[in-house]
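Engineer: The listed protein sequences derive, respectively, from chains H and A. According to this note's numbering, the first sequence holds residues 2 to 140 in order. According to this note's numbering, the second sequence holds residues 24 to 94 in order.
Some hints here could point you the wrong way.
[Said to hold, decoys possible] With a straight-line Cα cutoff of 20 angstroms, these simulated SDA-like cross-link-like pairs (lysine to any residue) come out: (1) A:60 <-> A:50; (2) A:60 <-> H:89; (3) A:60 <-> H:87; (4) A:60 <-> A:79; (5) A:60 <-> H:137; (6) A:60 <-> A:70; (7) A:60 <-> A:39; (8) A:60 <-> A:26; (9) A:60 <-> H:135; (10) A:60 <-> A:85; (11) A:60 <-> H:75; (12) A:60 <-> H:118; (13) A:60 <-> A:40; (14) A:60 <-> H:81; (15) A:60 <-> H:9.
These aren't lab readings, by the way, just hints derived from the structure by calculation.
Now for the letters of each chain:
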Amino acid sequence: MFAAKQSDATPAQRAHIRRTLWLLLAYVIILPPLVWLRAHRHISDGILMVMAALAALPVLGMFASWGRYLSDERDEYHQAVTLRRIAVATNATMGAAVVWGFLQAFGVMPLIEAYWIPFAWVVMQGAFGCFASFSRRES
Amino acid sequence: MENRLRVLRAERNWSQQDLGERLEVSRQSINAIETGKYDPSLPLAFRIAELFELPIEEIFVSPSRRSSKAI
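With the sequences and hints as input, model every part of the structure.
Structural biologist: So this is what it looks like as structure tokens:
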């Protein structure tokens, strides 16, 4: 999606990119003070839950933005390409998470925080997007 | 799916962008359909047929008919 040239982007893609950039900005602003508070202040469990929810909100917003994009996109080809990319990224990420989970349970691999899974999902999407556009160019 | 979209477009001297604007889809969609990488939905296939004033089967080659010809 981000690889799409701005002039080639559909209105729905442009809106999704705009929403995502705002959410990323919100994430970058919200996260550091929460991490600092967690490390330097004694905070009750209730407040910690609120802080965790606050940190998660922008990421949840990004998922909601993907849903909104798929609903807003009027170009069926772009919609199909995005759906395929999401399906591939979801399968690859879930597969990797399951394998890593068992490796971790058997003590072979270290613990990875669960919030890295959505990050891996986005990276997988980008990787598949690059691979797909490279194959299109090759053929 | 094989189709004659590129030929029909060229006969009218339309670019992929022109055709995309007429069909209200992106240039990339037109390119993907022309190169057979994407099969349009039935509503879009009808819009294409109506734009060129041709029956759908004169624009898109039925995969089953194509394979029976090959036999």
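Engineer: Can you name, in rising order, the numbers of the hints this structure does not satisfy?
Structural biologist: 12
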